[in-house]
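Protein chains in written order, with the working numbering: chain D, 1 to 334; chain F, 1 to 334.
Where hints are given, some of them may not hold.
Identical copies go unnamed one by one, so any copy, or any two together, can satisfy a pair.
Computed list of lysine-lysine pairs in DSSO-like fashion (alpha-carbon distance at most 27 angstroms, straight line) [unchecked claim]:
#1 Lys-273 to Lys-310
#2 Lys-42 to Lys-331
#3 Lys-325 to Lys-21
#4 Lys-247 to Lys-310
#5 Lys-279 to Lys-292
#6 Lys-292 to Lys-46
#7 Lys-297 to Lys-325
#8 Lys-307 to Lys-58
#9 Lys-42 to Lys-325
#10 Lys-81 to Lys-279
#11 Lys-46 to Lys-263
#12 Lys-310 to Lys-42
#13 Lys-292 to Lys-21
#14 Lys-292 to Lys-263
#15 Lys-331 to Lys-297
#16 Lys-331 to Lys-219
#17 Lys-58 to Lys-46
The set of hints was computed from the structure by calculation and includes no laboratory data.
Here is what each chain is made of, one letter per residue.
Protein chains: 2
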Amino acid sequence: MKNYKPKNRLSAQAYIDGILKGDRVILSRAITVIESQLESDKNLAKEIIQGILPASGKSIRIGITGVPGVGKSTFIEAFGKHIISEGHQVAILSIDPSSQRSKGSILGDKTRMEELANREEAYIRPSASGDTLGGVANKTGETMLLCEAAGYDVILIETVGVGQSETAVHGMTDFFLLLMLAGAGDELQGIKKGIMEMADMVVINKADGENIKMSEMAKLQYQNALHIFPQSESGWTPVVSTASAIKNIGIETVWNEIKKFKKVVDENGYFEKNRNYQKIQWMYNNINEELKSLFYKSPHIVQHLSKLEKDILSSKISPVKASQKIIEEFKNSL
Amino acid sequence: MKNYKPKNRLSAQAYIDGILKGDRVILSRAITVIESQLESDKNLAKEIIQGILPASGKSIRIGITGVPGVGKSTFIEAFGKHIISEGHQVAILSIDPSSQRSKGSILGDKTRMEELANREEAYIRPSASGDTLGGVANKTGETMLLCEAAGYDVILIETVGVGQSETAVHGMTDFFLLLMLAGAGDELQGIKKGIMEMADMVVINKADGENIKMSEMAKLQYQNALHIFPQSESGWTPVVSTASAIKNIGIETVWNEIKKFKKVVDENGYFEKNRNYQKIQWMYNNINEELKSLFYKSPHIVQHLSKLEKDILSSKISPVKASQKIIEEFKNSL
Numbered sequence: 001m002k003n004y005k006p007k008n009r010l011s012a013q014a015y016i017d018g019i020l021k022g023d024r025v026i027l028s029r030a031i032t033v034i035e036s037q038l039e040s041d042k043n044l045a046k047e048i049i050q051g052i053l054p055a056s057g058k059s060i061r062i063g064i065t066g067v068p069g070v071g072k073s074t075f076i077e078a079f080g081k082h083i084i085s086e087g088h089q090v091a092i093l094s095i096d097p098s099s100q101r102s103k104g105s106i107l108g109d110k111t112r113m114e115e116l117a118n119r120e121e122a123y124i125r126p127s128a129s130g131d132t133l134g135g136v137a138n139k140t141g142e143t144m145l146l147c148e149a150a151g152y153d154v155i156l157i158e159t160v161g162v163g164q165s166e167t168a169v170h171g172m173t174d175f176f177l178l179l180m181l182a183g184a185g186d187e188l189q190g191i192k193k194g195i196m197e198m199a200d201m202v203v204i205n206k207a208d209g210e211n212i213k214m215s216e217m218a219k220l221q222y223q224n225a226l227h228i229f230p231q232s233e234s235g236w237t238p239v240v241s242t243a244s245a246i247k248n249i250g251i252e253t254v255w256n257e258i259k260k261f262k263k264v265v266d267e268n269g270y271f272e273k274n275r276n277y278q279k280i281q282w283m284y285n286n287i288n289e290e291l292k293s294l295f296y297k298s299p300h301i302v303q304h305l306s307k308l309e310k311d312i313l314s315s316k317i318s319p320v321k322a323s324q325k326i327i328e329e330f331k332n333s334l
Numbered sequence: 001m002k003n004y005k006p007k008n009r010l011s012a013q014a015y016i017d018g019i020l021k022g023d024r025v026i027l028s029r030a031i032t033v034i035e036s037q038l039e040s041d042k043n044l045a046k047e048i049i050q051g052i053l054p055a056s057g058k059s060i061r062i063g064i065t066g067v068p069g070v071g072k073s074t075f076i077e078a079f080g081k082h083i084i085s086e087g088h089q090v091a092i093l094s095i096d097p098s099s100q101r102s103k104g105s106i107l108g109d110k111t112r113m114e115e116l117a118n119r120e121e122a123y124i125r126p127s128a129s130g131d132t133l134g135g136v137a138n139k140t141g142e143t144m145l146l147c148e149a150a151g152y153d154v155i156l157i158e159t160v161g162v163g164q165s166e167t168a169v170h171g172m173t174d175f176f177l178l179l180m181l182a183g184a185g186d187e188l189q190g191i192k193k194g195i196m197e198m199a200d201m202v203v204i205n206k207a208d209g210e211n212i213k214m215s216e217m218a219k220l221q222y223q224n225a226l227h228i229f230p231q232s233e234s235g236w237t238p239v240v241s242t243a244s245a246i247k248n249i250g251i252e253t254v255w256n257e258i259k260k261f262k263k264v265v266d267e268n269g270y271f272e273k274n275r276n277y278q279k280i281q282w283m284y285n286n287i288n289e290e291l292k293s294l295f296y297k298s299p300h301i302v303q304h305l306s307k308l309e310k311d312i313l314s315s316k317i318s319p320v321k322a323s324q325k326i327i328e329e330f331k332n333s334l
């Protein structure tokens, strides 16, 4: 299958021109090339990215996370529409290595953001499928560059708040938004450790009707909790607010805070510093992933590792000695 | 210098026998071999560890961190004496890759724990020197095994709460203790993000005299903050207490909580599960470090990386393409 060469591919230049003109159809087809596992598409993908690279980057990139049930789709629908109403063009991407395209990813069901999906100024693209988080993150990152080159100046990257993908999203965005629910306790159990500390803003969603009081209490609680954390390098102090996406309450506040944030980090230089850091880090993350896969994909190594694990657990060999042994084997096998 | 062979080395078996008998002098000399950078010592070190391995592990390993000024040495002095009074033998190690032995590491100045240093039941060993955190952590981890084999059944591993070393300490201990001060704000700025979430217990130190009220308030604050975090896999809910190490107040409480913790994790099986996980993880961390150093120590690679960084920042090449390019170069250079 990998040698199958799709016939409906354009030239790299045609994709590049189309993207730079903001042609949504071409953009979608280019993203398909980026996401493709076909060998014949890999070089085409590289050429496309190379061509649009200088036109990318001119956006604010916002990561959004929260456990299933927190109302992410409804929030993004309301939030996206508000951003558009201020004259922006918004692209909505998602990272979710656990989903498979065919089964429908988080955003797969566009009917969940029906209005937004029908707006000219919005572009919604579900998660790429992939074996590894690194692979999916790469493709989402490159898709983001394409969207920027196509003129989308606000990028929302959505993820579910239950896994490692948050770190990946945090590593490719400027602002990290955590959606929560009041009545903490159980709901919170779903949020992984460390995610809270990445948040630039916490929004307590579903703050309507009988939930208002509890949401205001939760807001205070989170404010106190976030106060305990050390200040971020960005110079920005995380804020907590309440919202009801379904009633369109508190949505403007979120966008206003992001605008405030942008002003702060533009002025203190953190925005550019962090973007540069992220670009370089992207390369290093890839290098380290590639190195690991050189090692761990060797069948010989895999076999020996499972034996070494057993020997370590039965105290036959120390972990340090085990690692030295297998690294020697790896070097000799090259 | 690396070929210099020290004359005062014993046979591996002599070290092993001495350690298993609990001979402190032999233990110290064995740790010197472990920490040695001499080529001729490396095999000897491996043999010693191999020999004592089955006798290691029978301890509770406690990580202690806190920023400079929080009173760590005073706390450890009081805490160590209390543990000894209950019939235990305690070894105190430290991880601090930033310190150099010759300049005196955190614990270098034993006069800071004068009483403890003179007790038969306590063994204090300052941080090993080393270039990398990985290297220092390995040596501290192996030193820990030696101490356990020598009969120390409580291991305290100290670190300063300002760097990456906390993750290393967390990865080699059963219980993680964070020392804090009341009057939060500025003091807290020194504690790195994420450290708070690793804590099994937070102790507000220097809770005496005029500080008592503020410390009790801080305790409540931290209790609320920790409440917000998801429950740890250990089934243990982190506790917050106040203490005055210098007045020997609240020290017993800390030890009692650790005993409660041990009971919980022994009963639910987490203790053993986590120890096994840590052993295996130790090997994988080493492997990954070694792989990186194979790559990053190649002068050819280093040169190209700095060029690629520049090209990435000027949007001449994408981070993904840059990483692919250099991995190809690495493969061809092998």
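Original post:
Broken hints, numbered, in rising order?
Top reply: Of the numbered hints given earlier, those the structure breaks are 3, 4, 10, 11, 13, 14 and 16, listed in rising order.
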